[in-house]
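2 protein chains.
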Amino acid sequence: MTLIVQKYGGTSIGTVERIQAVAKKIVKAKQAGLDIVVAVSAMSGETNRLINLAREISASPCARELDVVVSTGEQVTIGLLSLAIKELGVEAVSYTGSQVRILTDDAHGKARIQEIDAKNISQDLQQGRVVVVAGFQGVNNNGSITTLGRGGSDTTAVALAAALSAKECQIYTDVDGVYTTDPRVVERARRLDRITFEEMLEMASLGSKVLQIRAVEFAGKYGVPLRVLSSFEDGPGTLISAEEDGSMEKPVISGIAFNRDEAKLTLRGVPDTPGIASQIIGPIGDANIEVDMIVQNVGEDQSNDFTFTVHRSEYDKAVGVLNGVAKQIKAKEVVTDNRIAKVSIVGVGMRSHAGVASTMFRALANESINIQMISTSEIKISVVIEEKYLELAVRTLHTAFGLDMDGTG
Amino acid sequence: MTLIVQKYGGTSIGTVERIQAVAKKIVKAKQAGLDIVVAVSAMSGETNRLINLAREISASPCARELDVVVSTGEQVTIGLLSLAIKELGVEAVSYTGSQVRILTDDAHGKARIQEIDAKNISQDLQQGRVVVVAGFQGVNNNGSITTLGRGGSDTTAVALAAALSAKECQIYTDVDGVYTTDPRVVERARRLDRITFEEMLEMASLGSKVLQIRAVEFAGKYGVPLRVLSSFEDGPGTLISAEEDGSMEKPVISGIAFNRDEAKLTLRGVPDTPGIASQIIGPIGDANIEVDMIVQNVGEDQSNDFTFTVHRSEYDKAVGVLNGVAKQIKAKEVVTDNRIAKVSIVGVGMRSHAGVASTMFRALANESINIQMISTSEIKISVVIEEKYLELAVRTLHTAFGLDMDGTG
Chain A
1 MTLIVQKYGG
11 TSIGTVERIQ
21 AVAKKIVKAK
31 QAGLDIVVAV
41 SAMSGETNRL
51 INLAREISAS
61 PCARELDVVV
71 STGEQVTIGL
81 LSLAIKELGV
91 EAVSYTGSQV
101 RILTDDAHGK
111 ARIQEIDAKN
121 ISQDLQQGRV
131 VVVAGFQGVN
141 NNGSITTLGR
151 GGSDTTAVAL
161 AAALSAKECQ
171 IYTDVDGVYT
181 TDPRVVERAR
191 RLDRITFEEM
201 LEMASLGSKV
211 LQIRAVEFAG
221 KYGVPLRVLS
231 SFEDGPGTLI
241 SAEEDGSMEK
251 PVISGIAFNR
261 DEAKLTLRGV
271 PDTPGIASQI
281 IGPIGDANIE
291 VDMIVQNVGE
301 DQSNDFTFTV
311 HRSEYDKAVG
321 VLNGVAKQIK
331 AKEVVTDNRI
341 AKVSIVGVGM
351 RSHAGVASTM
361 FRALANESIN
371 IQMISTSEIK
381 ISVVIEEKYL
391 ELAVRTLHTA
401 FGLDMDGTG
Chain B
1 MTLIVQKYGG
11 TSIGTVERIQ
21 AVAKKIVKAK
31 QAGLDIVVAV
41 SAMSGETNRL
51 INLAREISAS
61 PCARELDVVV
71 STGEQVTIGL
81 LSLAIKELGV
91 EAVSYTGSQV
101 RILTDDAHGK
111 ARIQEIDAKN
121 ISQDLQQGRV
131 VVVAGFQGVN
141 NNGSITTLGR
151 GGSDTTAVAL
161 AAALSAKECQ
171 IYTDVDGVYT
181 TDPRVVERAR
191 RLDRITFEEM
201 LEMASLGSKV
211 LQIRAVEFAG
221 KYGVPLRVLS
231 SFEDGPGTLI
241 SAEEDGSMEK
251 PVISGIAFNR
261 DEAKLTLRGV
271 PDTPGIASQI
281 IGPIGDANIE
291 VDMIVQNVGE
301 DQSNDFTFTV
311 HRSEYDKAVG
321 VLNGVAKQIK
331 AKEVVTDNRI
341 AKVSIVGVGM
351 RSHAGVASTM
361 FRALANESIN
371 IQMISTSEIK
381 ISVVIEEKYL
391 ELAVRTLHTA
401 FGLDMDGTG
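Heads up: the sequence lines are chains A and B, in that order.
1 is the number of the first residue of the first sequence in the working numbering; add one for each residue after it.
1 is the number of the first residue of the second sequence in the working numbering; add one for each residue after it.
Quick caveat, the hints were computed from the structure, so don't treat them as lab data.
Since we're looking at a predicted model, the values are computed, not measured.
A portion of the hints provided could be inaccurate.
Below, computed lysine to aspartate or glutamate pairings styled on DMTMM-like, alpha-carbon distance capped at 25 Å [unchecked claim]:
{"hint": "1", "chain 1": "B", "residue 1": "Lys24", "chain 2": "A", "residue 2": "Glu56"}
{"hint": "2", "chain 1": "B", "residue 1": "Lys388", "chain 2": "B", "residue 2": "Asp286"}
{"hint": "3", "chain 1": "B", "residue 1": "Lys119", "chain 2": "A", "residue 2": "Asp106"}
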């Protein structure tokens with residue numbers, strides 16, 4: 001029998017009625033001849049309610065005990081969903097993370113899955129049961145309950161799919177798939193039928209609204225095909241999988257990602273000596289500030305301009321650290337800007353297509369959008385521009401790379 | 001170190017503030033030099049909320065899955081209470097029934113404890129931790145979560161006390177102990193300092209409001225001293241323990257129990273032949289009706305009157321069954337009465353004191369209260385009277401056996 005792992009998140013199962021609707025979806029798949037394992041989150045709002053209860057008692061609750069409290073959210077859902085499936089005449093059985101046994105490390109609140117014992121689940125499947133597993137949770141070597149951190153249910157689903165060699169891991173959400181870009185910015189954005197793991201990871205700024213990046217990494221690592229679908233309406237969704245060699249002509253660019261969460265810091269007149277980059281970035285890292293893009297240009301007078309971006313919420317902190325660094329290494333000046341945006345084009349096609357970068361730069365130039373920074377990876381080109389041009393830039397690139405919806409582009 | 005097991009029920013821990021108050025009580029005992037293991041129920045209202053969620057989905061939910069859902073109630077409490085204890089600077093650790101491992105049989109919803117593994121708890125106690133255990137739940141041999149049924153947290157506490165050889169099992173409730181009778185009926189009722197297990201069991205109709213009978217049986221069987229205390233105010237409570245031989249002069253009667261939940265059925269003119277009692281009571285039992293008192297008198301004409309009582313809610317059903325029986329065994333007539341009450345005097349002292357019954361009957365006669373049925377056990381005498389005399393009878397007996405509060409009796 002073909003095995004599918006399905007995952008339903010909080011809004012998909014936010015009420016008793018929604019749980020019943022999900023049960024119908026599952027039973028339909030089961031009756032179509034599939035073996036089904038389901039991973040579920042807590043009913044929407046429940047995890048926050050439980051965390052707030054704990055925080056009323058302790059401002060910084062012990063992570064082990066917080067996991068004991070929070071993990072009950074999914075436990076309620078697995079029981080209720082199993083009941084709903086059984087009401088429809090199909091046998092079902094629930095498992096907590098500990099019952100499966102989803103073994104994790106000891107990092108309460110952000111544990112990592114180390115091993116899944118698939119024995120019990122396999123037996124239940126053989127006996128025709130739907131198996132409903134609590135997402136987001138596991139158990140450590142001491143038998144303490146652990147949680148995987150927010151969005152960990154996606155990871156549970158992928159890990160189950162890998163352990164059970166499932167044909168596909170289906171993530172049901174409140175959107176019907178992954179889009180070429182954010183439809184709120186570009187009306188003509190369209191759902192992608194397929195995208196590769198790497199592209200999905202590079203589309204992080206879009207994708208994170210749909211899927212946990214960690215789950216995508218996990219799926220990529222174990223080669224588990226992932227499908228994002230709507231739990232509210234039928235449709236094929238978007239399949240995220242490994243690249244198929246020459247299966248069909250791929251579009252050059254799969255999507256346009258963007259964000260306006262970053263700020264830019266530049267150190268001008270940095271002495272061109274070995275080790276200078278680490279002298280700049282070291283203290284930033286020591287201050288627990290994450291750096292995204294880094295660009296270094298050699299200037300005319302044997303000195304460098306060194307530019308990097310950080311999350312906008314850490315802008316002030318980063319400026320403080322950088323001013324200290326500037327004095328120490330005798331840089332000329334610090335120039336900063338927190339009104340920037342980052343736009344990226346993503347596509348495995350650019351590996352085999354020349355001229356992608358120049359198409360991008362020309363399209364932006366035609367709209368008189370100035371590029372402040374450029375950074376490239378194998379399947380992504382990112383530019384930093386003035387924030388006010390963000391929407392225009394995304395729409396322009398969406399059209400330039402032929403991503404607009406049929407009949408309208 | 002002296003080990004005490006404490007149990008806190010739903011109203012004792014109904015809110016975050018109550019949980020914090022209970023944590024203070026526990027920490028106080030711990031700082032007084034005691035080792036403490038705590039068993040807790042779900043926060044009040046939580047178990048019903050969870051059951052209702054399940055019933056919204058299924059009218060008769062699968063017992064295994066219902067236990068998965070319902071057992072989360074205590075799991076939340078153990079986490080929160082552990083956090084509250086830690087906030088007060090005392091180390092604490094929580095265990096679900098499955099984590100302890102409280103092994104039960106497979107009877108979901110009314111499971112019986114078979115074995116408790118005390119290893120982990122003992123280690124934690126040695127390291128100075130307060131151990132907080134989820135009451136009401138266990139795990140069966142397959143690793144499925146089971147629940148012990150309503151009030152099962154008392155049983156968990158007693159079982160833990162037995163497994164850990166605790167000095168005492170303290171049940172914290174919303175009353176400050178066991179009373180000679182219901183204070184709402186007799187103003188001069190007073191709290192008992194001590195009562196034996198057997199007396200407590202015979203006082204069931206009073207005691208069941210305070211303690212689960214099953215927990216008392218369990219405590220008696222394993223010789224675990226039980227103490228009932230208020231979780232809202234300080235006080236010594238009532239100690240329920242084995243009889244101490246000649247430790248001090250015991251009162252003849254410890255308390256007056258009563259109920260008005262029963263109805264009386266009489267079969268007149270029953271042929272006096274062997275096996276006739278089972279021909280009458282058999283069909284009642286087959287109809288799942290529980291019988292309380294049974295009395296049989298030999299009449300003048302070689303025929304018997306056979307009388308028994310059932311719970312009032314099963315009165316109609318019992319009358320129906322009995323009419324059928326009457327025809328079959330050719331009894332003269334069926335006479336029934338559901339306006340009765342049962343009053344019992346309870347005390348181990350009656351074993352060694354003569355004249356207890358006659359004191360009881362004379363006291364009732366002095367108030368012109370007619371006795372309809374009498375039933376005796378080693379430490380209890382019960383009478384059935386007309387319901388309207390109930391309060392008068394209880395007050396009269398309370399005074400007659402010297403139970404009234406000092407200075408007022």
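message = Of the numbered hints stated earlier in the document, which are not met by this structure?
response = Per hint list: single violation, 2.
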